[in-house]
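J.: With the hints as extra help, turn the sequences into a complete structure.
2 protein chains.
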Amino acid sequence: MATPHEPKQDRSRATRQRLLEATIDCLAELGWAAATVAVVAERAGVSRGAAQHHFPTREDLITAALEYMFDTRTAQAKQEAALLDATTVGVARTHAVVRGLVESYTSPLFKAALQVWTYAAADPVLRERIVPLEARFGRVSHRRAVEALGVDDRDPVAHHLVQATMDLARGLGLANVLTDDSARRKDIIQQWAATLHAALYPEG
Amino acid sequence: MATPHEPKQDRSRATRQRLLEATIDCLAELGWAAATVAVVAERAGVSRGAAQHHFPTREDLITAALEYMFDTRTAQAKQEAALLDATTVGVARTHAVVRGLVESYTSPLFKAALQVWTYAAADPVLRERIVPLEARFGRVSHRRAVEALGVDDRDPVAHHLVQATMDLARGLGLANVLTDDSARRKDIIQQWAATLHAALYPEG
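These protein sequence lines map, in sequence, to chains A and B. Each residue of the first sequence is one higher than the last, beginning at 1 in UniProt numbering. Each residue of the second sequence is one higher than the last, beginning at 1 in UniProt numbering.
Hints listed in this document are in silico derivations from the structure and should not be mistaken for laboratory results. Among the hints, erroneous ones may be present.
Put simply, identical chains are the same to the list, so a pair is met inside one copy or across any two.
Within a straight-line C-alpha distance of at most 20 Å, the following computed SDA-like cross-link-like pairs (lysine to any residue) qualify [what the hints assert, rightly or not]: (1) LYS8 x ALA86; (2) LYS78 x ARG58; (3) LYS186 x ASP153; (4) LYS78 x ASP60; (5) LYS186 x VAL157; (6) LYS186 x ARG154; (7) LYS186 x PRO156; (8) LYS186 x ALA158; (9) LYS186 x HIS160; (10) LYS78 x ARG139; (11) LYS8 x THR87; (12) LYS8 x VAL177; (13) LYS186 x ARG16; (14) LYS186 x GLY138; (15) LYS78 x ARG99.
Predicted model, so just to flag it, every value in this text is computed and none were measured.
T.: Here you go:
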């Protein structure tokens, strides 16, 4: 129940956010087909009428959730890079950057995004909506990784190795969807960080 | 026993294979929900009755298609490695191995498998069926790559770098689902082959 001092507009915004977060949870746990307005409303503890006030159709809900997902992932990528301590240097820094990128592909947000991507693979309208969002997320992630690593992105070796690291992260994310892959992943991240570090800073 | 011109058993086997290939095409192009026995039968040019004789339920069809997919991917991984010319050596050989691994994740077979994986993420019964198939494919792919590269898999650096290359390949496959990523992918493959080669054979 709403607290009396909470303005109506804030309550409405909080309800909207609860619905979007419930959509992500439903997509990640129950899959594409199950994430309907009714199921999401129940998960969010919001009446179906209130949910339909915010999102009249399932398409409205999925579209809003998609933008919310990308905004959240982009904000997390920025925050991840900002949190990196200036005293973390050398291969430890490279390791932290690689681990941060991989983490962004192993969260429930990635599992939810995978449901939408996979559906969009056979749905051109949804695909057209996702491609620019995904491209923007990719650019922000790439830029933050380049800054954190302190490399020159105009150098094709550095550029392509940062891109490869994001592809590795996406692949590790996908490998984690059907089983808990965290033990194997830890070793892969460590080895990739060492190899990446040697390739990016050949002078040692 | 008499052998007619086209034995009934062979015809039946050919029909079954046509249905399985049509299932993969339908999954890759139309997505999970659209790949029903009726749609697949029409795509295969097989009567619905004949399709139901082979696969009474959609579950039977999907299960058989799943095994067929993994058998085909595993056979392709073996063939890919066998086709590698003994005169292809040095970084060119490493490049060919990386390219072969990545190709196995960018085929229509991968797109079909992704539809099943993603559905299975929220379906424990299907997941239990896929996990051992995927593990077997991973082992065969890994072993063939190790053989083709001529490295010692007991060396943790080599072991983890071959694993990482498969994770990179999976990530590149996923990046190719919503857009044609082939131009970017070519550069990533080339750079990773060079970096992998330097890491696997440090003596040059």
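J.: It remains to establish, for every hint, whether it holds in the given structure.
T.: Hint check:
1. LYS8 x ALA86: For LYS8 and ALA86, neither the intra-copy (43 Å) nor the inter-copy (73 Å) Cα distance is at most 20 Å.
2. LYS78 x ARG58: neither (30 Å within a copy, 45 Å between copies)
3. LYS186 x ASP153: Between. Shortest inter-copy distance 18 Å satisfies the 20 Å Cα cut-off; intra-copy 27 Å does not.
4. LYS78 x ASP60: neither (27 Å within a copy, 46 Å between copies)
5. LYS186 x VAL157: For LYS186 and VAL157, only the inter-copy Cα distance (14 Å) is at most 20 Å; the intra-copy one is 25 Å.
6. LYS186 x ARG154: between (30 Å within a copy, 18 Å between copies)
7. LYS186 x PRO156: Answer is between; shortest inter-copy Cα gap is 13 Å, intra-copy 27 Å.
8. LYS186 x ALA158: This pair counts as between: shortest inter-copy Cα distance 16 Å, intra-copy 23 Å.
9. LYS186 x HIS160: between (22 Å within a copy, 10 Å between copies)
10. LYS78 x ARG139: Answer is within: at 11 Å inside a copy they meet the 20 Å cutoff, but 37 Å across does not.
11. LYS8 x THR87: neither (46 Å within a copy, 74 Å between copies)
12. LYS8 x VAL177: neither (39 Å within a copy, 42 Å between copies)
13. LYS186 x ARG16: neither (36 Å within a copy, 42 Å between copies)
14. LYS186 x GLY138: between (23 Å within a copy, 18 Å between copies)
15. LYS78 x ARG99: within (14 Å within a copy, 32 Å between copies)
Checked against the numbered hints above, the structure breaks hints 1, 2, 4, 11, 12, 13 and satisfies the rest.
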